[in-house]
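Undergrad: Sequence:
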Amino acid sequence: MDATASPDLFGNCNGVGEVLSRIGDKWTVQVVVVLHQEPRRFNSLKKLVPGISQQMLTRTLKALERDGMVKRIVHDTTTPQVQYSLTDVGVSLSDPVRRLAEWAIAHRGVIRHCRDDFDTRLQGFPKDGQHRGG
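Per our numbering, residue 259 is the first one in the sequence shown, and the count goes up by one each step.
Calculated directly from the structure, the hints in this document are not laboratory data.
Any given hint might turn out to be false.
[As the list claims (entries may be wrong)] DEER-style ranges, computed between Cβ atoms: (1) Ala359 with Thr316: 38 to 44 Å; (2) Gln295 with Gly382: 46 to 52 Å; (3) Asn301 with Phe383: 22 to 28 Å; (4) Asp375 with His333: 50 to 56 Å.
[Said to hold, decoys possible] Keeping only pairs whose Cα atoms sit at most 30 Å apart, straight-line, the calculated DSSO-like set for lysine-lysine is: (5) Lys304 with Lys284; (6) Lys320 with Lys305; (7) Lys305 with Lys329.
This structure is a prediction, so every number in the text was calculated from the model and none was measured.
Glycine residues also receive a C-beta, built at the ideal position from the N, C-alpha and C atoms.
Construct the entire structure; sequences and hints are all you get.
TA: Written out as structure tokens, the structure reads:
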């Protein structure tokens, strides 16, 4: 049964958290955005995802492959070459993920300003969050 057809889609959130923890991960979002453009080799992905370590990229790709979002293709050459591409499930995820990434880029300045404002307001309070003299 297609979950999107369910009239009570949000009434039962069993399993949603597990899936959202995978697709909402910052590395997953970036890898999916990069792979949406075209299949990539590991080192190409590493260069295009700023700040990701080799270990974290390996973990992210394995998790995405396990979840059926990424396909690992081994080309039988003298030196085996491995390429990663999105599956149909991964492609279906890439549009909302790209929109989320675009939203994050468009709003990061506002969010940074709000965080700075919040932190400035908190400077007048003790670390435990209690008001002074109150």
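Undergrad: Give a verdict on every hint.
TA: How the hints compare with the structure:
1. Ala359 with Thr316: 38 to 44 Å: violated (22 Å)
2. Gln295 with Gly382: 46 to 52 Å: Cβ of Gln295 to Cβ of Gly382: about 47 Å, so the range 46 to 52 Å holds.
3. Asn301 with Phe383: 22 to 28 Å: Given about 48 Å between the Cβ atoms, the range is violated.
4. Asp375 with His333: 50 to 56 Å: holds (52 Å)
5. Lys304 with Lys284: Judged against 30 Å, a Cα distance of about 14 Å means the pair holds.
6. Lys320 with Lys305: holds (18 Å)
7. Lys305 with Lys329: Holds - the C-alpha atoms of Lys329 and Lys305 are around 19 Å apart, at most 30 Å.
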